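Asks: Spelled out, the chains give:
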Amino acid sequence: MAKVKPRVKLPKKAEKGEIVTIKTLISHPMESGQRKDKSGNVIPRQIINSFKCEFNGKPVFACDMDPAISANPYLEFTAKVEESGTFAFTWVDDDGSVYTTEEKITVE
Amino acid sequence: MRKAIVFGAAALAIVGAGAASFAEPVDDELVIDGETKIITRAKAPEGSPFEEVTSGWLYRTKETRALEADSFENPGMLYVERGEEIWNTAAGAAGKSCAECHGDASESMKGVGAHYPKWNAEAGKPFNLELQINACREANMKAEPYKFDAPDQKALVTYIKNQSLGTPVAIDLDAGEMRAWWEKGKEAYYTRMGQLNLSCASCHEQNNGKYIRADHLSQGNTNGFPTYRLKQANMVSLHNRFRGCIRDTRAAQPKAFSDVLMALEVYVAWRGTGLSVETPAVRQ
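Chains as they are written, first to last, in my numbering: chain A, 1 to 108; chain B, 1001 to 1284.
No lab work stands behind these hints, which were simulated from the structure alone.
Since we're looking at a predicted model, the values are computed, not measured.
Don't be surprised by glycine CBs; every beta carbon is placed ideally from N, CA and C.
Don't take every hint at face value.
Said to hold, decoys possible - Calculated pairs, SDA-like style, for lysine to any residue (alpha carbon to alpha carbon, straight line, at most 25 Å):
no. : chain 1 : residue 1 : chain 2 : residue 2
1   : A       : LYS5      : B       : PRO1151
2   : A       : LYS13     : B       : GLY1095
3   : A       : LYS52     : B       : MET1193
4   : A       : LYS9      : B       : THR1061
5   : A       : LYS5      : B       : ASN1088
6   : A       : LYS9      : B       : ARG1065
7   : A       : LYS3      : B       : ASN1088
8   : A       : LYS38     : B       : PHE1072
9   : B       : LYS1231   : A       : PRO67
10  : A       : LYS9      : B       : GLY1166
11  : A       : LYS3      : B       : THR1061
12  : A       : LYS5      : B       : ALA1090
13  : A       : LYS5      : B       : ASP1104
14  : A       : LYS5      : B       : THR1061
15  : A       : LYS13     : B       : ASP1070
16  : A       : LYS3      : B       : GLU1035
17  : A       : LYS3      : B       : GLY1166
18  : B       : LYS1231   : A       : MET65
19  : A       : LYS23     : B       : PHE1072
20  : A       : LYS3      : B       : PRO1151
21  : A       : LYS9      : B       : PHE1148
22  : A       : LYS3      : B       : ILE1086
23  : B       : LYS1231   : A       : VAL92
24  : A       : LYS23     : B       : GLU1085
25  : A       : LYS13     : B       : ILE1086
26  : A       : LYS16     : B       : LEU1165
Claimed, not checked - Each pair of labels, with its calculated beta carbon distance range:
no. : chain 1 : residue 1 : chain 2 : residue 2 : range
27  : A       : ASN49     : B       : PRO1049   : 51 to 59 Å
28  : B       : LEU1230   : A       : GLU83     : 37 to 45 Å
29  : A       : ILE43     : B       : ALA1099   : 32 to 40 Å
To be verified - Away from chain B, derived, C-beta distances all over 10 Å, residues of chain A:
no. : residue
30  : GLU18
31  : MET65
32  : TYR99
Kindly produce the complete structure, drawing on both the sequences and the hints.
Replies: See below:
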């Protein structure tokens, strides 16, 4: 799956103070840098090296990733929501690319 | 003394029953994303050795079953997305894409995959989706046919079959010579082969539910193919699985899409009549 594409799934609505589950997935080969091609040359490392999630500008969850993480990394975490707002997600690639996506949630 | 023997036999019977019930398919319902109900148990078609046909999903662990119930977590959905790209991309000398003739797959291909393999009068044999796609590529797109199990072939078949998610499998045996192929497939199903001298029926009919090769044997239905297998971390096509099973009996493997495997596909697909298409199913 060559094309890098971020995906996020979370509820559109929640009650005040509810703990919601956030699922994220990015399609990415996560080339570890440990493999060699047919002619014996090292395939250069290219992975998503970090991820962060912010809610209305405040950090919710962040992590660094390492080469042992398999292709298409899937992350699931929870957040307590007190107000309506926007979750912003950021993935950083070894090649400097930054992939972002946003998802809104309404607190009733 | 006689009493002791009787008691011993009773104890054995209890142990036997316990072991058997452990391996039974679970009592669970599959609803994908909380909206698409999947038929995982259906009344067997007339002539089937079973009373009820069951989906392989029922034989998997709780964690694997959960992966299939959420299309976000189902790794096979990445291949569905790739298939959609292929569907909309022009290829071959004619410069056409699938979409150019067939339009929106969510409408034109809805329910289509549930009725394959299908009689193809021109070729004089049943066609599965792989053969149909290749015929279309050659005749209409003037493109190279896909090699067996090329990543794009698997993705496109997965995409097309996914448009039938939830539709019950129903094969038209009245078309052309499908009955004769069904008979050939049935013969293949019950023919013992390989150094282990096993037929398909030895495992999937007589011993389904039991534990073998670190796995629970299912009835071997085809409604979930192409299937995402965690073991391979990849999509596995039906003919790949047929060949894998035959290899495990230590027999010589017939070629993919050969007459014997096409006949087997007709017969095995018929055995799963009534089960919903689950593509991409998630299996161990």
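Asks: Check each numbered hint against the structure and report the violated ones by number, ascending.
Replies: Structure breaks hints 2, 3, 8, 11, 14, 16, 17, 21, 23, 25, 26.
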